[in-house]
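Model the full structure from these sequences, guided by the hints.
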Amino acid sequence: KFFVDHFLKVGGELASARGGGSYSTGGRATRVGVSMVLVNLLKHQAKLGKLGTNGSLSYEDAIAFVMKMVGPDMEKQLKTSGGLGSAALDAASSRVSIAEKSSSLFGINRISSADPALAVLSACRILRKGLAQGATEPTQLNILNILTEKCSSATVVRSEEAKGEALNRLQLQVVLTEISHLITALGEAATFSLGELLPAIKACLEHPDHGVRHEAALVCTTLAKPFPTDCRRLVKTSINEIQSHHVELVTHAQSAADTKEVATPKRRFLSKPTSQEEVANEQSLKHQYAIHGHSLMISLLFHELPNSPGGLTKELLD
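The sequence shown: position 2 = 40 (the numbering used here), numbered continuously.
FYI, nobody ran anything at the bench for these hints, they're computed from the structure. A portion of the hints provided could be inaccurate.
Stated by the list, open to error - Restricting the straight-line Cα-Cα distance to at most 20 angstroms, the calculated cross-link-like pairs of lysine to aspartate or glutamate (DMTMM-like) are:
hint: 1; residue 1: Lys106; residue 2: Asp43
hint: 2; residue 1: Lys263; residue 2: Glu175
hint: 3; residue 1: Lys39; residue 2: Glu113
hint: 4; residue 1: Lys88; residue 2: Glu226
hint: 5; residue 1: Lys324; residue 2: Glu244
hint: 6; residue 1: Lys81; residue 2: Glu98
hint: 7; residue 1: Lys324; residue 2: Glu279
hint: 8; residue 1: Lys324; residue 2: Asp247
hint: 9; residue 1: Lys274; residue 2: Glu353
hint: 10; residue 1: Lys263; residue 2: Glu234
hint: 11; residue 1: Lys263; residue 2: Glu320
Stated by the list, open to error - Computed Cβ-Cβ distance ranges for the label pairs, DEER-style:
hint: 12; residue 1: Pro110; residue 2: Ser293; range: 12 to 22 angstroms
hint: 13; residue 1: Leu323; residue 2: Arg271; range: 26 to 36 angstroms
hint: 14; residue 1: Gly90; residue 2: Val48; range: 28 to 38 angstroms
hint: 15; residue 1: Gly233; residue 2: Leu355; range: 25 to 35 angstroms
hint: 16; residue 1: Gly348; residue 2: Ser94; range: 40 to 50 angstroms
hint: 17; residue 1: Lys85; residue 2: Asn278; range: 43 to 53 angstroms
Beta carbons: idealized from backbone N, C-alpha and C, even for Gly.
Rendered as structure tokens:
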């Protein structure tokens, strides 16, 4: 708990003065160091038998501590910015990176576009090297089940009561990245997790965050070798989903255009959109996210399936 709290407190890349060289800028070196300490600490705990069901720290609690590193406190820290629009894009959620340092009327922006990605990579390192790598197959299956359950509860359950338990975008990226590693390591041994995993992956493919959609698509590529039949079925389902969302998107755009013709006077330049326009944009984006996520997954699987048993069927190619 002490190291996790310290990881959050030291701040990001631009939070403090240079300590020598680009690697030591701000809190980056400290965060990398803290993550390495946690990796070795968990390794020693596992060797001493203090990690797991019979130990003083369960795998559920260990994973919960790692999730806290990229939890609400981290999100709050990333949103606190001195620059204008600096939270629009970041390296963890977009292929386009914003400027590392920008100035505004209020001073210098202290949030780097690399901060979210560094936090995600540090958390992934701890899960992979500290917990899963080198563990026995039953232990890896246990970790996979825990992560799958977290992913499923965060994406499938959408009720207001469960809202507080949902994972944020960074936590989902960490969970999906480690699921990819575990499926690669376990292969067909991960069969029993598929029933709960596949619906969660489908929900992640339609997530508003670009990084979550990308990691979900990568999970599908790791499934191609051990579970080619399920992946071919997933491609068919995704093609239907794309067609369905495209129809919804066109219908929505047409209805929005018809409403605009009858509606209200023109907005002034730079004036804020009305609540109706915001709702319309949100509905449109929901379909665009889904189309992008499913298309990305299909394109990646079409590179993997030819090398898997059964290959690409004629039905898929038609």
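- Is Lys263 close enough to Glu234, meaning Cα to Cα at most 20 angstroms? Roughly 19 angstroms separates the two Cα atoms, so the pair holds.
- 20 angstroms limit on alpha-carbon distance, applied to hinted pair Lys274 and Glu353: holds, 9 angstroms
- Item | Proposed proximity, Asp247 with Lys324 (alpha carbon, max 20 angstroms) | The hint holds at about 11 angstroms.
- Are Lys324 and Glu244 close enough, with their CA atoms no more than 20 angstroms apart? This hinted pair holds, its Cα atoms lying about 8 angstroms apart.
- Outcome for the supplied range 26 to 36 angstroms, where the beta carbon pair is Leu323 and Arg271: holds, 28 angstroms
- Item | Lys39 paired with Glu113 [C-alpha distance capped at 20 angstroms] | OK: Lys39 and Glu113 at ~18 angstroms, within 20 angstroms.
- Query: Taking only the CA atoms, is the gap from Lys106 to Asp43 under or equal to 20 angstroms?
  - Reply: holds, 9 angstroms
- Message: So if I understand the rule, the pair passes when the alpha-carbon distance is 20 angstroms or less; does Lys324 with Glu279 pass?
- Response: holds, 13 angstroms
- Query: Do the Cβ positions of Lys85 and Asn278 conform to the proposed distance bound of 43 to 53 angstroms?
  - Reply: holds, 49 angstroms
- Message: What's the verdict on Lys88 and Glu226, does the C-alpha distance respect the 20 angstroms limit or exceed it?
- Response: Roughly 29 angstroms separates the two Cα atoms, so the pair is violated.
- Decide if the proposed pair is consistent with the structure: Lys263 and Glu175, CA atoms, cutoff 20 angstroms inclusive. holds, 19 angstroms
- Mind checking the alpha carbons of Lys81 and Glu98 for me, to see if they're no more than 20 angstroms apart? OK: Lys81 and Glu98 at ~16 angstroms, within 20 angstroms.
Checked against the numbered hints given earlier, this structure breaks hints 4, 11, 12; the rest are met.
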